[in-house]
Amino acid sequence: MNMTLSRRSFSALVFALPLLGTARAEEEAAHIMIDNFVFTPAELKVKTGTKVTWKNDDDIPHTILAKGGAFRSKPLDTGDEFSYVFAKAGKVDYFCTLHPHMVGSVIVTD
Amino acid sequence: MADHDDGINRRHALECMIWAGTGVLWTVSGGVPKSLNLLGDAQAAEQSATGLTFLQISDSHVGFDKAANPNALATLQEAIDKVGAMPQRPAFMIHTGDITHLSRAAEFDNADQVIGKAKLDVHYVPGEHDVIDEDGGKAYLDRYGKNAKGAGWYSFDQAGVHFIGLVNVLDLKAGGLGNLGEEQLKWLEDDVRGKSASTPIVVFAHVPLWLVYEKWGWGTDDGARALALLKRFGSVTVLNGHIHQIVQKVEGNMTFHTARSTAFPQPEPGTAPSPGPKVVPADQLRTMLGLSTVTIASGQRPLAIVDSTLA
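Chains as they are written, first to last, in the numbering used here: chain A, 1 to 110; chain B, 1 to 311.
Hints listed in this document are in silico derivations from the structure and should not be mistaken for laboratory results.
One should not assume that every hint holds.
[What the hints assert, rightly or not] Have a look at the derived ranges for each label pair, beta carbon to beta carbon: (1) 109/A / 224/B: 40 to 48 Å; (2) 88/A / 287/B: 51 to 59 Å; (3) 90/A / 281/B: 31 to 39 Å; (4) 89/B / 93/A: 47 to 55 Å; (5) 36/A / 224/B: 51 to 59 Å; (6) 45/A / 121/B: 52 to 60 Å; (7) 89/B / 67/A: 46 to 54 Å; (8) 90/A / 119/B: 50 to 58 Å; (9) 281/B / 72/A: 33 to 41 Å; (10) 41/A / 211/B: 46 to 54 Å; (11) 57/A / 189/B: 38 to 46 Å; (12) 158/B / 78/A: 38 to 46 Å.
[Claimed, not checked] Below, a list of computed lysine-lysine pairs in the BS3-like style, where the Cα atoms sit at most 25 Å apart: (13) 67/A / 249/B; (14) 47/A / 91/A; (15) 74/A / 66/B; (16) 67/A / 47/A; (17) 67/A / 173/B; (18) 91/A / 173/B; (19) 278/B / 55/A; (20) 173/B / 74/A; (21) 88/A / 51/A; (22) 55/A / 74/A; (23) 55/A / 231/B; (24) 278/B / 66/B; (25) 149/B / 173/B; (26) 67/A / 138/B; (27) 55/A / 66/B; (28) 74/A / 138/B; (29) 249/B / 278/B; (30) 55/A / 215/B; (31) 173/B / 45/A.
Everything numeric in this text was worked out from a predicted model, so none of it was measured.
Heads up, the beta-carbon is just placed ideally off N, CA and C, and yes, glycines get one too.
Taking the hints into account, I'd like the entire structure generated from these sequences.
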């Protein structure tokens, strides 16, 4: 009985480890789509340490510049991506320097 | 405007064949620029015979290769080919920006090579696509900014007309529109100080200096301040690009006109989810691309613009 239990527990542990790993990786990565000149989601909430990746799905290049200058992407052509790891808590507003009516923000909490 | 659907007869058709792809013909008369039918008017020919004629070309986006036009360099080449076929050689050309798609050296090289075949002086202003090199516009200025101030603005006089090229694609603010900035506005004020109010003014910039459609960013935050500095002049013509379609209006002594792109069309304001390239059937593309011819009659103030397409 004990043996069965521990074996089951062991199996569960073995299976759970990679799952935990995956879950953890997902927590630390988030995505923002650029489509039709809009950032989606326009407001993204993440935990500190999260790597956020923007991907441009438009046929026109866009850029990402944080207000205050914490990060600035190169021009992203169709399909290009840009990532930034948010290490500190707080709200960061950003926009596209080519089409400044395109704005978004990332809210980072501990 | 190439608005010649009022019964095309054979003569019209022949004229269109000659003029196809050469653009907007401006004729200024009596202070109010009138847009004429595509050479449908004897007046246009008469005025171009006596006055100053120049071309406006815009938004060539060399390097663009997406669905809306897989070869933007080829359609630019078609536009330049048409210039050589014009009945009267224009005095010069203005390019109202977005020469390239991504500010890459090879794109500038290709554009220069094709546009150079027209063998005309070209006065450029940058579009936002021309200043996205690592140094935020150095690539553009190194090529085209030798006689320019600041980020690339300048003025010159030809045939009694004062031409002003402005830059409104740099240092854009989040949530905002096109931007001229204090330094450039100050320069503009100094530039036109002391000029007679009867001097015809042609001012050109990439993004419309007037508000065309705010939701898509089609306007310039401090454009009204620039226009206020020009208000006292009897004839002001404002030529822009950026929106890849013709929009025009007349307000007092000011005429506003935007040119077609030579690369791809964009949707009319509010008719699509975004201002992105408009994909049209291949056989329709060239009806939506083109350039503009501007004629200023000597001894008169009026100016005529004729837009025509690559079709």
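Against the structure, the hints come out as follows:
1. Between residue 109/A and residue 224/B the Cβ separation comes to about 42 Å, which falls inside the hinted range of 40 to 48 Å.
2. A C-beta distance of roughly 53 Å is found between residue 88/A and residue 287/B, which places it inside the suggested range of 51 to 59 Å.
3. For residue 90/A and residue 281/B, the hinted distance range of 31 to 39 Å is not satisfied, since their beta carbons lie about 49 Å from each other.
4. Here the CB-CB span from residue 89/B to residue 93/A is close to 51 Å, well matched to the stated 47 to 55 Å.
5. Roughly 29 Å separates the CB atoms of residue 36/A and residue 224/B, a value that falls outside the hinted 51 to 59 Å.
6. Judged by the Cβ atoms, the range 52 to 60 Å given for residue 45/A and residue 121/B holds: they are separated by roughly 55 Å.
7. Taken as a hint, the range 46 to 54 Å holds for the pair residue 89/B and residue 67/A, whose Cβ atoms sit roughly 49 Å apart.
8. The beta-carbon spacing between residue 90/A and residue 119/B, approximately 57 Å, falls within the hinted interval of 50 to 58 Å.
9. The supplied range of 33 to 41 Å is met by residue 281/B and residue 72/A, whose beta-carbon atoms lie about 39 Å from each other.
10. The given range of 46 to 54 Å is broken by residue 41/A and residue 211/B, whose C-beta atoms sit roughly 29 Å from each other.
11. One distance hint, 38 to 46 Å for the beta-carbon pair residue 57/A and residue 189/B, holds here, with the actual separation near 43 Å.
12. For the hinted restraint 38 to 46 Å between residue 158/B and residue 78/A, the CB-CB distance of approximately 40 Å keeps it satisfied.
13. Taking the CA atoms of residue 67/A and residue 249/B, the gap is about 36 Å. The hint is violated against a cut of 25 Å.
14. Between residue 47/A and residue 91/A the alpha-carbon distance is near 11 Å, which keeps this suggested pair within the 25 Å criterion.
15. Between residue 74/A and residue 66/B, the direct Cα distance comes to roughly 20 Å. Compliance with the 25 Å bound is thereby established for this hinted pair.
16. In summary, the hint linking residue 67/A to residue 47/A is supported, as the alpha carbons are separated by about 20 Å, within the 25 Å threshold.
17. Note on residue 67/A and residue 173/B: the hinted pairing holds, with a Cα-Cα distance of about 9 Å set against a maximum of 25 Å.
18. As the CA atoms of residue 91/A and residue 173/B are separated by approximately 18 Å, the hinted pair is consistent with the 25 Å bound.
19. Taken as a hint, the residue 278/B and residue 55/A pair is honoured in the structure, with Cα atoms around 21 Å apart against an allowance of 25 Å.
20. Proposed proximity of residue 173/B and residue 74/A is supported: the alpha carbons are some 17 Å apart, at most 25 Å.
21. With a C-alpha separation of about 12 Å, the suggested pair residue 88/A and residue 51/A falls inside the 25 Å cut-off, and the hint holds.
22. Straight-line distance between C-alpha atoms of residue 55/A and residue 74/A comes to about 12 Å, which keeps the hinted pair within the 25 Å bound.
23. Distance restraint check for residue 55/A and residue 231/B: the Cα-Cα separation of roughly 44 Å exceeds the 25 Å cut-off, and the hinted pair is therefore not satisfied.
24. Taking the CA atoms of residue 278/B and residue 66/B, the gap is near 11 Å; set against the 25 Å cutoff, the hint holds.
25. For the hint linking residue 149/B to residue 173/B, the alpha-carbon distance of about 22 Å falls within 25 Å, and the restraint holds.
26. For the hint linking residue 67/A to residue 138/B, the alpha-carbon distance of about 22 Å falls within 25 Å, and the restraint holds.
27. Simply put, residue 55/A and residue 66/B have alpha-carbon atoms about 17 Å apart, close enough for the 25 Å limit, and the pair holds.
28. Distance restraint check for residue 74/A and residue 138/B: the Cα-Cα separation of roughly 15 Å lies within the 25 Å cut-off, and the hinted pair is therefore satisfied.
29. Distance restraint check for residue 249/B and residue 278/B: the Cα-Cα separation of roughly 23 Å lies within the 25 Å cut-off, and the hinted pair is therefore satisfied.
30. A C-alpha spacing of about 22 Å is found between residue 55/A and residue 215/B, which places the hinted pair at or below 25 Å, so the restraint holds.
31. Our distance criterion of 25 Å between C-alpha atoms is met by residue 173/B and residue 45/A, whose separation comes to about 24 Å.
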